[in-house]
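What follows is each chain in one-letter form.
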Amino acid sequence: MRLLNCRMPERRRCLVLLCAVLLPVGLVQAQLPVPELNHQLTQLATPVAAPDFILKDMDDESHSLSSYRGKVVMVNFWATWCPPCRRELPSMEALYQTFKDDAFTVLAINQWESPDHVFAYMGQLDVEPSFPILFDRDSAVSQLYGVKGLPTTVLIDRRGRVVYRAVGGRDFNHPEVRAIIRGLIDADVTESSATPSR
Amino acid sequence: MIRYHPGLLLCLPLALSAGEVRQHTDPDTGLLSWQVHEPGFSMQLLQLLPDYVRATYIARGLPPDLVEAVAGYCVFGTIVTNDSQQQLSYRVADWRYVTADGKAHPLKTKTQWVSEWKERGVAFRWSMLPDDQTFEPGDWSQGFTTIALPPGSTFDLVYSWRYRGETHEGKLEGLRCAPAELPDA
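Chains A and B, in that order, are what the protein sequence lines are.
For the first sequence, position 149 (counting from the first letter as 1) is numbered 152 according to the numbering used here, and the numbering increases by one without interruption.
For the second sequence, position 132 (counting from the first letter as 1) is numbered 489 according to the numbering used here, and the numbering increases by one without interruption.
If you're looking for bench data, these hints aren't it; they were derived computationally from the structure.
Note that the structure is a prediction, hence the values are computed from the model and not measured.
Treat each hint with caution, since some may be false.
[As the list claims (entries may be wrong)] Below 25 Å or equal to it, Euclidean Cα-Cα: the simulated PhoX-like pairs (lysine-lysine) are:
(1) A:K151 <-> B:K460
(2) B:K465 <-> B:K475
(3) A:K103 <-> A:K59
(4) A:K151 <-> A:K59
(5) B:K465 <-> A:K103
Please work from the sequences and hints to get the whole structure.
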């Protein structure tokens with residue numbers, strides 16, 4: 004394999020190849036003056052039922068969306084090679100830490116990649132997520148949600164309806180986002196008879 | 358930047374100037390990037406080396422011939438952003454690149470790539486800039502755009518977007534594909 008056969012005259016070329024294989028795709032793209040992460044979420048004019056799914060996590064444990072009924076769920080579609088996914092991850096973890104003891108969780112649904120690959124990637128992060136990382140190896144779930152690009156995030160209310168959506172990276176640890184989450188946690192208390200099962 | 362009007366474009370081609378454009382040269386690699394700001398819409402393009410593109414798809418597990426197919430294109434890292442507080446949409450299929458002979462050509466879209474990959478049993482559908490998107494305020498996307506030109510080629514890019522119920526069009530002039538490889542240090 005050419006990566007393992009890097010002679011000195013090819014050193015620079017090999018470096019580009021090696022970096023791109025070992026590190027996220029963002030390495031070269033990161034040289035772009037990338038947009039600041041904003042905090043705008045789009046409220047759906049008409050909430051829609053969130054399609055159910057069952058996916059496995061890094062420990063091979065299955066998670067179904069329906070098992071989280073009664074909680075507000077932030078579903079994030081992402082991949083390790085996606086630069087804005089990496090940028091928004093710490094804010095998602097901060098949000099999770101703020102609300103995890105309430106009726107709230109984050110489900111980060113990785114696209115295409117293997118648990119081994121993601122596990123190695125997590126070791127590079129300054130902030131390692133403590134919420135469930137799920138694996139959508141064939142991207143079937145992202146297609147159910149009409150995801151065209153990564154990252155895409157949806158907020159599901161306690162009644163199991165998609166109520167907010169964001170395409171592209173966000174700063175989720177913003178007071179306005181936290182207020183939205185708080186509102187969803189509180190608002191549905193009287194509307195939902197469901198009890199969190201997780 | 359002006360609002361799209363075909364007749365006007367025929368009569369006053371110079372009026373089809375781009376919005377505010379900034380070009381940047383990476384001091385370490387010499388690779389170029391461009392950033393354009395239009396009403397409600399902004400776009401950034403970054404030259405990507407063929408070897409970088411190869412490595413990206415090798416790492417995703419695509420077969421070598423499919424990897425080479427993408428690396429044979431002129432590829433840009435691309436970011437499109439809705440800078441407005443209104444809905445905005447774009448369609449890559451409407452965009453064109455114009456070569457030195459004045460001919461306009463369509464870009465190869467994500468749908469076309471994914472279709473080719475699917476025929477080979479590869480379900481990977483990420484990394485390319487989505488073909489068409491409707492952005493709400495705050496939305497943006499990042500991905501590769503692919504142009505069928507050899508390394509180092511120059512061309513103009515005509516792009517469009519819909520905003521406030523109207524189609525707008527802009528033109529980035531003098532874009533250049535990445536070189537085949539970085540010059541020796």
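Right, here's what the structure says about each hint:
| no. | hint | result |
| --- | --- | --- |
| 1 | A:K151 <-> B:K460 | violated, 30 Å |
| 2 | B:K465 <-> B:K475 | holds, 16 Å |
| 3 | A:K103 <-> A:K59 | holds, 20 Å |
| 4 | A:K151 <-> A:K59 | holds, 22 Å |
| 5 | B:K465 <-> A:K103 | violated, 44 Å |
Hint compliance for this structure: hints 1, 5 are not met, and every other hint is.
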